[in-house]
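Next come the chains, spelled out residue by residue.
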Amino acid sequence: MDINQIPIPNVSPNLVIVSLFSLIAVVTGIGVVAFNNPIRSMLSLVANFFTLAFIYFSMGAEMMGIQQIVVYTGAIMVLFLFVIMLLNLSTDSLTMTRKFDVKPFLAVPVGLGVFALIASQILLPFKDTRTPSAPDATAVSVGWGSPQALGRALFTGYVWPFEIISLLLMVGIVGAILLARRRVEA
Amino acid sequence: MPLLAYLGLGLFMFVTGSIGVVIRRNPVVVFMCIELMLNAVNLTFLAFARYAPSPLLLEKQPAWMAGQMAVIFVMAVAAAEVAVGLGIIMAIFRLKNKVDLDELSSMRG
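As given, the protein sequences belong to chains A and L, one line each in that order.
Taking the working numbering, the leading residue of the first sequence gets 1, the next gets one more, and so forth.
Taking the working numbering, the leading residue of the second sequence gets 1001, the next gets one more, and so forth.
Derived from the structure by calculation, the hints contain no laboratory data.
Certain hints may be false.
Covered, in the sense of this in silico footprint (three residues per stretch, anywhere, with C-beta under 8 Å from a C-beta of chain A), are these stretches of chain L [as the list claims (entries may be wrong)]:
#, stretch
1, 1001–1015
2, 1032–1041
3, 1045–1052
4, 1063–1070
5, 1073–1084
6, 1093–1102
Here's a subset of chain A near chain L, in silico, CB distances under 8 Å, partners left out [unchecked claim]:
#, residue
7, I24
8, V78
9, P109
Beta carbons: idealized from backbone N, C-alpha and C, even for Gly.
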């Protein structure tokens, strides 16, 4: 058989990198659910968010990747860590391995079934979409995920949603303080 | 780079998160699984924004900005949701001294 007859799969460096990060994201995503200790779940979720940020970088959405690292792993996951430490649960109540439960044994087949069901319905029409149509960064222009493009869109076309979100965050801050403070003796 | 890779990863993370919401009994871990689902949706938004744009939307914004704007707003809503939700968990813990979701059934009708 001629060596030239063997089909060479079209493997780009981007595909290798994204596959590697996807593998890490899958393993850490399973780890979030499977670890008994919530601190281990949290650290695995942090790793998952980091790999997701790298995937965003590989897509050219660099501002979203930076936000993923700063907002999610920097702010939200630290909030989780604070709450886990503040609750100060003993190891027994932290891991909750006391009673037998049938649900974890059903989880894998049910999850695979849901995955197969949704994938068979939704993923198939997109199997031929291979070329991105959003512009990547070139020497003379910024890409589709650059801070410049994002800021221009956020403060022109999307300025009202932006303002409403600021209101929502304000309500969230006040509500969190109200819920988490100790009751004052009257 | 096929679009299918991003969508498949997003779907897998979403299913993992939803299974975790069902099987875990620690409310903090349930919140983490919700974060996992939100991030799966963010990944899907960005993949669609990059690969399948339509013509101009909303005051001549490029269509690939719509997905990124959705991701920004999802992140902001997630931050508010986590702050309030963890506040509720702390209030419940202070009241009952336990956080096992299977034992917190006082709201059951």
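Taking the hints in turn, this is what the structure says about them:
Given as covered by chain A, the stretch 1001–1015 of chain L passes the check, having 13 residues with a CB less than 8 Å from a CB of that chain where 3 are the minimum. Residue count for the stretch 1032–1041 of chain L with a Cβ under 8 Å from a Cβ of chain A: 5. That meets the three needed, and the coverage hint holds. Restraint check on the stretch 1045–1052 of chain L versus chain A: 6 residues with Cβ-Cβ distances below 8 Å, three needed, restraint holds. Evaluation of the coverage hint for the stretch 1063–1070 of chain L: fulfilled, as 4 residues show C-beta separations to chain A shorter than 8 Å, against a requirement of three.
Chain A is given as covering the stretch 1073–1084 of chain L, and this holds because 11 residues of the stretch bring a CB closer than 8 Å to a CB of that chain, at least three being needed. Under a criterion of three residues with beta carbons nearer than 8 Å to beta carbons of chain A, the stated coverage of the stretch 1093–1102 of chain L is upheld, 5 such residues being counted. At about 11 Å, the closest approach between the beta carbon of A:I24 and any beta carbon in chain L exceeds 8 Å, and the interface hint on this residue is violated. Restraint check, A:V78 versus chain L: the minimum CB separation of about 11 Å is more than 8 Å; hint violated.
The beta carbon of A:P109 is not positioned within 8 Å of any beta carbon in chain L (closest approach about 10 Å), and the interface hint is therefore violated.
Checked against the numbered hints given earlier, the structure breaks hints 7, 8 and 9 and satisfies all the rest.
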